[in-house]
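Asker: The residues making up each chain are set out below.
Protein chains: 2
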Amino acid sequence: MIQTITGNKDFIESLRGKRASFLLCMSNTATANTPGITQAGIPGMLHLTPTLDAEFISIGEVRSLGTIAETPKGVPTPALLTRAVHLLHPFREIELLNLGLEITPKLEHFKVHTFSIAPSGSIEQGASIPAAEVFEKGVAFAQNLVLQSDYIILAESVPAGTTTALATALALGYDARDKFSSSFKNAPEGIKQRVIDQALSHVNESDDLFEILAKVGDNMLIFNAGLLLGLQNRDIPIVLAGGTQMACVLLVVNRILQMMEGELDSSKIALCTTKWVAEDAHSDIKGLLEMNDFSINAYYADFDFSLTAHPALKLYDEGEAKEGVGAGGALVYALLNGITKEQITRKVESFLR
Amino acid sequence: MIQTITGNKDFIESLRGKRASFLLCMSNTATANTPGITQAGIPGMLHLTPTLDAEFISIGEVRSLGTIAETPKGVPTPALLTRAVHLLHPFREIELLNLGLEITPKLEHFKVHTFSIAPSGSIEQGASIPAAEVFEKGVAFAQNLVLQSDYIILAESVPAGTTTALATALALGYDARDKFSSSFKNAPEGIKQRVIDQALSHVNESDDLFEILAKVGDNMLIFNAGLLLGLQNRDIPIVLAGGTQMACVLLVVNRILQMMEGELDSSKIALCTTKWVAEDAHSDIKGLLEMNDFSINAYYADFDFSLTAHPALKLYDEGEAKEGVGAGGALVYALLNGITKEQITRKVESFLR
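Chains as they are written, first to last, in numbering that gives the first Met the number 0: chain H, 0 to 352; chain C, 0 to 352.
No lab work stands behind these hints, which were simulated from the structure alone.
Where hints are given, some of them may not hold.
[As the list claims (entries may be wrong)] With a Cα cut of at most 16 Å, we get these calculated EDC-like pairs of lysine to aspartate or glutamate: (1) H:Lys110 <-> C:Asp292; (2) C:Lys8 <-> H:Asp316; (3) C:Lys17 <-> H:Glu94; (4) C:Lys8 <-> H:Glu60; (5) H:Lys110 <-> C:Asp177.
[Claimed, not checked] Some residues of chain C that are not near chain H, with every Cβ distance over 12 Å (derived): (6) Met0; (7) Asp9; (8) Phe10; (9) Asp149; (10) Leu199; (11) Ser200; (12) Lys267; (13) Ala308; (14) Leu334.
Glycine is no exception: its CB is placed at the ideal position from the N, C-alpha and C atoms.
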């Protein structure tokens, strides 16, 4: 079942049976180097997470390291869910967007879009992102995008991305402190808080929107704000496949529109996430979406790991991992195409044997 | 599961979820009239095999004869597998190439390409193929091909085709005697050997490449060598769906390139075959592929009939039939699109009730 978070069912029902292109935005921010800030990846190898995620969803193996990215407690990457869906009901195509990677995925035959965007700095020192340039690259990408499918599922893999997203929302003046999710069950509030406070301390009252984003954002947030606006003149529905980070993309869009005194036709945009995000007591995706001047349809896939006995997967249901690598959007795509919870569960289990 | 024979997974994974056109090359060679040389078909009616295969994969019934082509021991044609896949996850289109048939398939609404190519003679007497002309027709076909899909699955049905393929490889100077498959479990080496020796006796040292092909080849081998070269300037991936015969097409291409001092961009070409070919102790598909100057990705579908109790299908697992009518490529296509071994098995069984 697909559940509605905001709006109504019509948008997502209109995509039933349609073909999707899966676009994965991969980016590194040095913010992830702060010890203990994220559990999205292998300690000491966090920068590899988006690279490994891209390899795994595309070809089912990781080439840039021996094993699938796991969190310290052994929670496997949500890329498992995305890959399972791709095996059960393939995306029309998978394309990869290099939005500043330390290590490029080792893939042949897959389209990897490059934009000459460097990994961003840590927001503790000011991220030093050429924000207007990254934004413009997102706009141009959307304007020139050629698809073989009916709609886009836009996903992300950015270690420490919830930290940069929260910092961005706060710096942009949203009262969002308690609304952001973390890849941790017991989110490391102390460390995260310190990094965010440090990040915010660099923001001056005279900074304009892009100057703020340059200091506290990440490439994914800024590029995708541009991508969404670049899609406005095109007739391509888009699913933002993610949780609070994708919600933050919309918060950025909202501020850009206010600055430009523009309006958004949000009828072709929806957000799709996981049940773990939608039901997370420590964040509020609905609240974040409702902070925008525009309204937006948002959904979650009613999928959990209640049908498995695998201890590593059970940790998802205990709140240890919640979203990422487009898992929520992929699950919704599977449910839209007749794939069952049972099938998805068995396929994910098959990766862990 | 799809297993890699040569190369890496990337090519085939990039086709996951993409749509394929299934092109069946049908041809008769009088070589099949030698008693006992092939078991691909009904004794006395061997020439009908490609015609019946085409009818069966297209519409699910055979019109030019009452029953599905069976080998003398009652092994049903691999067209059953191709048809099963087409029912479970249809090809975008099926098109038929008449490369010299005694009897045209009785089909309406299906595209049957004709090329004014006559059935070829027996290689025992020199096949008398207008080789350069057939080759040129393959080139032209590829250059003008209009597809509704993302890639081609190229299949063949040529009774006695493994005999002409082995003769061709040997005549072209490849040390391939122990590398070729047969549709028989206990391949009729005596008869085949005699026919091939006879064929090779017609080849003179002064013969050029096309003169050799004219004597010992078949239309499918020569046409498809042209087709592959004609595709070089087009952005269309192609899966050679077959075993040692399709490998022989590549051996022919290799000699043509050596003659022309040309190079092949093999990045958009792969060979996909069955497990029965890949694991055949009496042939060596990998060895054949590695005889070329270029490298090529090759895969097999990890499918067998272990899930059935049907005695006629069990014969496949005993090595009685191995490949043909694009079965290997069709199985890979099914696996790429979420279809399971169980589903394929049940569908094939349903044809035999």
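Asker: Now tell me if each hint is right for this structure.
Answerer: Evaluated hints:
1. H:Lys110 <-> C:Asp292: violated, 27 Å
2. C:Lys8 <-> H:Asp316: violated, 33 Å
3. C:Lys17 <-> H:Glu94: With a Cα-Cα distance of about 13 Å, the restraint between Lys17 (chain C) and Glu94 (chain H) holds, given a limit of 16 Å.
4. C:Lys8 <-> H:Glu60: Holds, at about 9 Å.
5. H:Lys110 <-> C:Asp177: violated, 40 Å
6. Met0: Since the minimum Cβ distance to chain H is about 10 Å, Met0 (chain C) lies within 12 Å and the statement is violated.
7. Asp9: Not fine: 4 Å to the nearest Cβ puts Asp9 (chain C) too close to chain H.
8. Phe10: violated, 5 Å
9. Asp149: violated, 7 Å
10. Leu199: Since the minimum Cβ distance to chain H is about 40 Å, Leu199 (chain C) lies beyond 12 Å and the statement holds.
11. Ser200: holds, 45 Å
12. Lys267: violated, 9 Å
13. Ala308: Since the minimum Cβ distance to chain H is about 24 Å, Ala308 (chain C) lies beyond 12 Å and the statement holds.
14. Leu334: Non-interface label on Leu334 (chain C) violated, nearest chain H Cβ at 9 Å vs cutoff 12 Å.
When each numbered hint is compared with the structure, violations occur for hints 1, 2, 5, 6, 7, 8, 9, 12, 14.
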